[in-house]
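Colleague: Each protein sequence line maps, in turn, to chains A and B.
Counting from 1, one number per residue, gives the positions in the first sequence under the working numbering.
Counting from 270, one number per residue, gives the positions in the second sequence under the working numbering.
Rather than coming from a laboratory, the hints here were simulated on the basis of the structure.
What you are looking at is a predicted structure, and each value in this text was computed from that prediction instead of being measured.
The reader is advised that the hints may include incorrect statements.
To spell it out: a stretch of chain B is covered by chain A in this simulated footprint if at least three of its residues, at any positions, have a beta carbon under 8 Å from a beta carbon of chain A; those stretches are [stated by the list, open to error]:
| hint | segment |
| --- | --- |
| 1 | 319–327 |
| 2 | 485–497 |
| 3 | 527–536 |
| 4 | 617–630 |
Idealized CB from N, CA, C, for every residue including glycine.
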Amino acid sequence: MAFDYAQYMRPGKLPHIWCPGCAHGIVMKSIIRAIDREQLDKDNTVLVSGIGCASRMPGYVDFNTLHTTHGRALGFATGVKMAKPSMDVIVVSGDGDALAIGGNHFIHSCRRNINITLIVFNNNIYGMTGGQFSPTTPHGKLASTTPYGNPDYAFDVVDLAIGAGASYVARGTAYHSVPLTRLIADGIAHRGFSVIDALCTCPTTYGRRNKLGSATDMLLWFKGNTVGKKIVDKKPEKAEGKIVTGVFRQDEKPEYCDEYAKIIEKVSD
Amino acid sequence: MSEKVVFYQGNEACAEGALYAGCNFFAGYPITPSTEVAEFLARRLPKQGGAFIQMEDEIAAMAAVIGASLTGAKSITATSGPGMSLKLENLGFACITEVPCVIVNVMRGGPSTGLPTGPSQSDVMQARWGTHGDHPAIALAPDSVQEIFTETVRAFNLAERLRTPVILLTDEIIGHMREKFTIPAEGEIEIWDRPRPTVPPEEYKPYDISEGIIPPMADFGSGYRFHVTGLNHDETGFPTNIPSLVEPEERRLMAKITENLDIIEKYEYMEKKGSKVGVISFGSSARSTRSAIAMAGEGGTSVDFLRLITLWPFPSHVVNEMADKLDLIIVPEMNLGQMIEEVERSAEGKTEVIGVNRVDGEPITPDQILEKIREVS
Ligand SMILES: Cc1ncc(C[n+]2csc(CCOP(=O)(O)OP(=O)(O)O)c2C)c(N)n1
């Protein structure tokens, strides 16, 4: 039987704002299926976002949803989680939202290891504002504010998250939506701060300018240019020139709200 | 808990007031001269099952305070100058989404890093207009340790009743000053909670004003699933840019204040018979004013005194009435002239208005005010 997405969608909220060919919708579907796999209770789940195309996603789905300010979703989510640790908190964010204006909150959430799942809709560009370069735009690429090629270098979201102390770190792509669902679901199941770098595409403001072909071509590019972490672990040479996907870290590490609960227990009168 | 007399610093009284009001969440970032509020709550909140978190900056702290409030928590943050500047974008988010919270600004000299340990009252206009866009503003300005306590309680009550952020505007002097004060017995001051929905979840609209101008607010996680956005929204909480829906909501945010002045406005007007001069002040400058007026009285000059406890909304009607009677209004404030602009606007040219200003990191002395009184009388 076909999966029933409608049970998680808010009636009357479609069509979404995303351009034809945008891969954000595929990532949204993976998130919904991951939530379904983990059997999260709608009433007990909060989806938090910042500002950007990706950040519009919570408005379409039927949970407690919080669309905040640019880059600050993790701050809001931290407040929700600390005040009601029993709730499942998921944050969706664009690459600019999560890593430029929100970069400080990103690293500190990783360090704190608070039980929140962050999905970065990584399309290598500022989509909503019309294609300015982001912290994940590769060196040399064109954007409306790098008309002569990007002199900057991109963050590797996975390395950054690991370096900052996140206890679950994974990367998937919008082409590989079934594995992406699993990576997100495992992130939700993980007790601690989880980061899923979800590679996706912006044909309108990034693909066109950089002559990356059609929306389909851009998605298919992921097929030919990624390799699974498990393969690379056995044969490191396979990583040559490819983007590695899979789970990069999955550690048991004390979770922030659990630690705070211990403090409450110890000192409460 | 029964009544208790303590010897506290203003910042500690603020934290104690927050607890009295039912506060169970603090998020902040250390900054002089406000840090004692955080330190006090870091000790006390977990003891009563609440949560304290030191965030990575004031932007995140303000965000966390709003997130916590959405789950039903009563939440507070405390900061000063540079930190207040950082909180402003998310303060506007709390205004438009109507999320109750309390923001304490223990004013220090500025702009920028300014005078970290020096008192100031230079954030008066920031408290009114700091965040962008038209927005409602409530700012309370106590002048003693006891009043910091009671006004913190009132800040929470107003935030909850009106679903809006409330700023408590103190300064380095009263924040750090120690005074004897009384923590009232439990129940002595009425504590308010936000209106919560009575309709079943299927019928809930987060900005439904059919029952009144303050829409009932559900807690995240209580079975009422709803959407919150900083975009202009309709009664369902979802974004809209339909002109006929946007403007009434913008106006309603303001009307929440203007239609509830009876519970928001607070001032003391000490009128003297036959006086021709009046002083309008607030916070620690009001303390100096009190001494100056007593000294003037000993010399046979009677002076009226309007002490503002609620700074925003500004009580223009009271100042206007004062202007009818007086030849001169003196406005002492530790800035280069902020509140005086409101006083002048309210006085409508009916009386002369002059300022006593000081921005060197020292308090305005009673003598400085007395000198101005003597010049004219
Ligand atoms: C404080 C602030 N600065 C700038 C903006 C303008 N702005 C809106 S969305 C955006 C970038 C969005 O890009 P990204 O986060 O990568 O998400 P995408 O739209 O690509 O999904 C910017 C710069 C804003 N809303 N707020």
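Colleague: None of the hints should be skipped; say for each whether it holds.
Modeller: So, going through the hints one by one against the coordinates:
no. : hint    : result
1   : 319–327 : holds (count 5)
2   : 485–497 : holds (count 8)
3   : 527–536 : violated (count 0)
4   : 617–630 : violated (count 0)
The structure fails hints 3, 4 (numbered hints given earlier, in ascending order).
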